[in-house]
Amino acid sequence: MKAIGYRAAGAAGTLEIFDADRPEVRPRDLLVEVKGVSVNPVDVKLRAAVQSEGGARILGFDAAGVVVEIGDEVAGYEVGDEVFYAGDVTRAGTNAALHAVDERIVGRKPTSLDFAEAAGLPLTTITAWEMLFESFRLTEGGGTGQTLLVIGGAGGVGSILIQLAKALTGLTVIATASRPETRDWVRKMGADHVVDHRGDLAAQVAELGLTPGYVAALTATDQHWPAIIELIAPHGQIALIDDPETLDIKPAKPKALSIHWEFMFTRSMFGTEDIGAQRELLNRVSEMIDAGALQSTVTERLGPLSVETLRAAHLRQESGRVIGKQVLGGF
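Those letters in the sequence shown? Residues 1 to 331, per full-length UniProt numbering, in order.
Incorrect hints may have been included.
[Claimed, not checked] Here are the simulated DSBU-like cross-link-like pairs (lysine-lysine), alpha carbons at most 35 angstroms apart as the crow flies:
{"hint": "1", "residue 1": "K2", "residue 2": "K250"}
{"hint": "2", "residue 1": "K255", "residue 2": "K45"}
{"hint": "3", "residue 1": "K45", "residue 2": "K250"}
{"hint": "4", "residue 1": "K166", "residue 2": "K250"}
{"hint": "5", "residue 1": "K45", "residue 2": "K188"}
{"hint": "6", "residue 1": "K166", "residue 2": "K253"}
{"hint": "7", "residue 1": "K255", "residue 2": "K188"}
{"hint": "8", "residue 1": "K2", "residue 2": "K45"}
{"hint": "9", "residue 1": "K166", "residue 2": "K255"}
{"hint": "10", "residue 1": "K45", "residue 2": "K166"}
{"hint": "11", "residue 1": "K188", "residue 2": "K166"}
In short, the hints are calculated from the structure, not lab data.
My request is simple: use the sequences and hints to build the entire structure.
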């Protein structure tokens, strides 16, 4: 089958197309004909810094497609089902014609979206959902009278996090954005207030008369850390997804703050007992999309999957100026 990957870590130009073996289908696996993918910051980080072992490494995590084969122990899906999912960082990726994935982390594709657009949702949606309901321990309908600050609101995770918070909780949402187009975007996603992360965050939030009890630190956490500590409420909750080189958590002690790492690959990496929670939440979000309660976060379609389009997507990610999600079709 055709696949795209890299043999040595480096720039986007290291991506190449090659013939790969048909994936092995494990007992709980679905074999999916990939018809849509998206590109996430994790793709760029791995390609740039993590050496491939034993030949070319196939990247890609988000995918949507059609089930063409099922493992012996699969109970929830049949050949012909349309699905979407975020994959497993320990296995070969989705930038391929065929992809094998554990059924327990796979959801049913929203019928109202095409394959490429559906592929823009899973990784960011799982991340945002786990932040809200696992890291922050919120319940659906909870959070009334409380405030969530989303730092980096116009990115992929921020775009769906804002929507989920507004659709499923009573939180007031402040999102950060610095450009006119990103400010407009986060308002479209449902943010109640917008502040500029290039300015004095703590002062801007204070001017709103709000004291967030929850902070989703989605980008440049180390740069914003002093402001986060200043603006957050005592006993507040901070969840982060980026990779600061260092983070001094001692200043969080006086306010008795809780700090959470969110990593949506944890369940699949370690085969946790509750691995099926990701299928459940993807199915729930699929239903919400089809009901019009949530909207797509896709802003860029780069055409069919090819070396040229995938390299272009990686370069756009590296620019740091992507709004929402980028997607590509299948081969």
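Going down the list of hints, with the structure as the test:
1. K2 with K250: 50 angstroms, violated
2. K255 with K45: 33 angstroms, holds
3. K45 with K250: 28 angstroms, holds
4. K166 with K250: 32 angstroms, holds
5. K45 with K188: 29 angstroms, holds
6. K166 with K253: 30 angstroms, holds
7. K255 with K188: Distance ~33 angstroms between K255 and K188 Cα, so the pair holds.
8. K2 with K45: 23 angstroms, holds
9. K166 with K255: With a Cα-Cα distance of about 27 angstroms, the restraint between K166 and K255 holds, given a limit of 35 angstroms.
10. K45 with K166: 31 angstroms, holds
11. K188 with K166: 12 angstroms, holds
When the structure is compared with the earlier hints, a violation turns up for hint 1 alone.
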